[in-house]
Structures are given as C-alpha cells and as structure tokens.
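Engineer: Sequence:
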Amino acid sequence: MDMSDEGPTLDRRWIEVGNNVCGVLHGCRDASAVATRFVGAGWNPSSSSWHGYELETSWCRLEIDPLDGADILLNGVVDPARLDQLARLLGCLGLPYELELSDEHDTVTREIRAEPAPAPRAPHPRRSRWWRRCLLRYWTSE
4 MDMSDEGPTL DRRWIEVGNN VCGVLHGCRD ASAVATRFVG AGWNPSSSSW HGYELETSWC
64 RLEIDPLDGA DILLNGVVDP ARLDQLARLL GCLGLPYELE LSDEHDTVTR EIRAEPAPAP
124 RAPHPRRSRW WRRCLLRYWT SE
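My numbering puts the first residue of the sequence shown at 4, with every later residue one more than the last.
Hints listed in this document are in silico derivations from the structure and should not be mistaken for laboratory results.
These figures come from a predicted structure and were not determined experimentally.
By construction, the Cβ of each residue, glycine as well, lies at the ideal position given by its N, Cα and C atoms.
Some hints could be false.
[As the list claims (entries may be wrong)] Label pairs and their calculated CB-CB ranges:
#, residue 1, residue 2, range
1, R15, G72, 34 to 44 angstroms
2, S35, H108, 28 to 38 angstroms
3, E118, A36, 11 to 21 angstroms
Using the sequences and the hints given, assemble the complete structure.
Structural biologist: Here you go:
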C-alpha cells in the first residue's frame, strides 16, 4: 500500500482522550486491504506492526491489526459525535463488524453491531462504482 498520501491528522483535543473505541471487523484477514479503503476515503495511513496499520483523520485514530482466523481488531480514539460516520465507512466494506464506544471511566456507552449486505457480485468496474457510491454517502454525511 502506498503510504505517501498525507491525509488529515488527529485534532489535538482527541489526543488527550485516550482510547475510547474498539471493535472487530469479521471475515477479513488482510489489514492492508482495509487500510487501503480508509486511505481511499481520505484517511492518513502508517504501518504500526508487521501486519497492522494506524489510520488517522481529524476526528479519529484507529489501529487495525489482524487476529487469528479471519478477523481484524480495531481500537483507538474517535470523536463520539462521529461514531456513526465511522460505522458507515466500515459498512462500505461489506463485512460484519462490531464497535463499542466507551466514556472516560471505560464504561461502554454505545454499541453498534452490523451485518451489512455484501458488495454486488459484478465485474470489477461495477464494484468500483458501488464503492464510489458508498464513499459518496460517507463523505456527504459530515
């Protein structure tokens, strides 16, 4: 994956919060494929381990790491008001996922579990159009 894209960096007010979001993306073994989709949505990537990535935008910083089996662990910090926007982006991947938002006392305040419909099974150009439509919904939701 090309790491040269310079996307937005995390707003300083969220740096002090510490981790407040965690989750699992089911059915995907390749964290680089997930990172590539986030980069396509304007996020700034960096490698955080042999197979993991740190993804960042002005309102969220996520670490994504593959787990044993076919799951990817997500954890980091998110602006609580934008949790739904993160969920929409994960939904664009067409894979089931779970997210938990915690407060400053590590109490889970919100959970999102989704079984989104998979991307249409069509030739590659059509899937590309599907992804563009999905990203358009993501970008226009701000």
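Engineer: Using the C-beta atoms of S35 and H108, is the stated range 28 to 38 angstroms upheld?
Structural biologist: holds (35 angstroms)
Engineer: Tell me if the beta carbons of E118 and A36 are separated by a distance inside 11 to 21 angstroms.
Structural biologist: Distance hint for E118, A36 holds at roughly 19 angstroms.
Engineer: Kindly confirm whether 34 to 44 angstroms is satisfied by the beta carbon distance between R15 and G72.
Structural biologist: This hint holds: roughly 37 angstroms between Cβ atoms.
Of the numbered hints given earlier, the model fails none.
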